[in-house]
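Protein chains in written order, with my numbering: chain A, 1 to 146; chain B, 1001 to 1272.
Since the hints were made in silico from the structure, they are not lab data.
Backbone N, C-alpha and C define an ideal beta-carbon position, used for all residues, glycine too.
Any given hint could be a false lead.
Here are the simulated distance ranges between beta carbons [to be verified]: (1) Lys-84(A) <-> Asn-1261(B): 50 to 58 Å; (2) Asn-91(A) <-> Glu-1254(B): 31 to 39 Å; (3) Lys-42(A) <-> Pro-1065(B): 16 to 24 Å; (4) Thr-103(A) <-> Thr-1129(B): 54 to 62 Å; (5) Pro-53(A) <-> Asn-1195(B): 44 to 52 Å; (6) Arg-94(A) <-> Asp-1063(B): 30 to 38 Å; (7) Asn-1250(B) <-> Lys-42(A): 39 to 47 Å; (8) Asp-130(A) <-> Asp-1146(B): 52 to 60 Å; (9) Arg-55(A) <-> Thr-1078(B): 48 to 56 Å; (10) Gly-57(A) <-> Asn-1130(B): 51 to 59 Å; (11) Asn-81(A) <-> Gln-1110(B): 44 to 52 Å; (12) Asn-1223(B) <-> Gly-57(A): 22 to 30 Å; (13) Asn-1130(B) <-> Asp-109(A): 29 to 37 Å; (14) Glu-1242(B) <-> Ser-41(A): 40 to 48 Å.
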Amino acid sequence: MNSYLKYIFLIAFISTFSFSKVNAQCIDLVKHKGFTYLDTSKYIPEARFNALPLREGDDVDIYKSFFKGRNYRIVVVAADNMPKLNFKVTNFQRQTLYDSKITKMESWDFVSDKNQNLIISVEVPKAKKDEKPQSGCVAVIVGFSY
Amino acid sequence: MSRKLLSILILISLSIIYMSSCKSGEDADQDDLVGETLDSVDIREEIIISMLAPSDMAVMLMDNPDLYFNKDIINPTTNSDKYNTNVKIALNIGIYTADLSYASLFEQEQITYDYLDVVKGMSEEIGITNSIEKRHLDMIKNSKLDKNEMIRIINESFMNTDAYLRENNRQKIITMILIGGWVEAQYIAVSLSKNSPDTNKQLTESILAQKISLELMTLALENIQHDNTLLSLKKDIDKIYEAYILMEDNLNEENFENFCNLISEVRKNYIV
Chain A
1 MNSYLKYIFL
11 IAFISTFSFS
21 KVNAQCIDLV
31 KHKGFTYLDT
41 SKYIPEARFN
51 ALPLREGDDV
61 DIYKSFFKGR
71 NYRIVVVAAD
81 NMPKLNFKVT
91 NFQRQTLYDS
101 KITKMESWDF
111 VSDKNQNLII
121 SVEVPKAKKD
131 EKPQSGCVAV
141 IVGFSY
Chain B
1001 MSRKLLSILI
1011 LISLSIIYMS
1021 SCKSGEDADQ
1031 DDLVGETLDS
1041 VDIREEIIIS
1051 MLAPSDMAVM
1061 LMDNPDLYFN
1071 KDIINPTTNS
1081 DKYNTNVKIA
1091 LNIGIYTADL
1101 SYASLFEQEQ
1111 ITYDYLDVVK
1121 GMSEEIGITN
1131 SIEKRHLDMI
1141 KNSKLDKNEM
1151 IRIINESFMN
1161 TDAYLRENNR
1171 QKIITMILIG
1181 GWVEAQYIAV
1191 SLSKNSPDTN
1201 KQLTESILAQ
1211 KISLELMTLA
1221 LENIQHDNTL
1231 LSLKKDIDKI
1241 YEAYILMEDN
1251 LNEENFENFC
1261 NLISEVRKNY
1271 IV
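Put together the whole structure using the sequences plus the hints.
Written out as structure tokens, the structure is:
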């Protein structure tokens, strides 16, 4: 019985470790890949954590306030196993202000011309037919400069 | 021992691990919140409403060349000892984060350090560990940092807290922190305005601009019918929103002063 107990504790340890590792992946994505694309020498990252695990075919909308006269950079990144993401920035009437499908860029720099709430819509393209959908962290990082 | 029994034991141990990992957040949310759980249906998985963090609120409001630092406005760290419920701790983590962000904008290293240290202690009390890294505290204490460098550190620390709470399904705590931070940043701003819209025009514009962040907060609080704590905070937010509408219709001394008084009254309830 003693050896079985050891076996169970080993499983518990490995599982707990794996759980923490999955949790750490999203924050690591933000701080490494996200901050690199943001260029933290130019932009101060805002404090909110806008990252979550998604699968191919999923999408997420992020509602966020932007203030008049501020310079912003919006960066959208995903874990390395994920396909290139598409993202759009729209107002609440769903008028498109930016579409990465047109620019093919992971980030958008802009100056907000008014105080406004905008929606950042991120779409993970669907997996190819007969392929198992990949899953991984997706993060939106917003930075501002003075 | 048979293979079947071994499989059962493994299954039981994995279930225990799964349940304990899910429960840690809920347990930490309890004490005065018994019977006030936030149902999973209340959380919109496909939509993230990214309300402003207290540090970002402070930057948007107080990054103004004509403002100054006034220690008498902020919530004294000595008050931290009396916060002994999760609601008070969460609200005041937000309040102290707004205070230290205000201090950092005026390069008040010692105050920023002291308040960050208090936030670290309070965060640990409600089970948020490693959100404020020791190296960051040391950097603030031992290096001559400018306001941008301090804000970067504060934002990274807040992001750690936010990530920890999100990943442990403790959205209720983060919502309370954000509400506390929002109210405190506005309180600092209205105190500096001396209850008049004419004291500093840029500051008044910044205060008015925060109506949009309040709108997002209202949206985030839409589905909380079952949570009495958040419902009570939502009532505060709704009252503040009504005061905004009055100011938007007519920005006169009276409406502005009423708004300032309301912010002060709400804040007073949070810090006692």
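Practice item. Against the earlier hints, flag every one the structure doesn't satisfy and list their numbers going up. Key: 4 and 10
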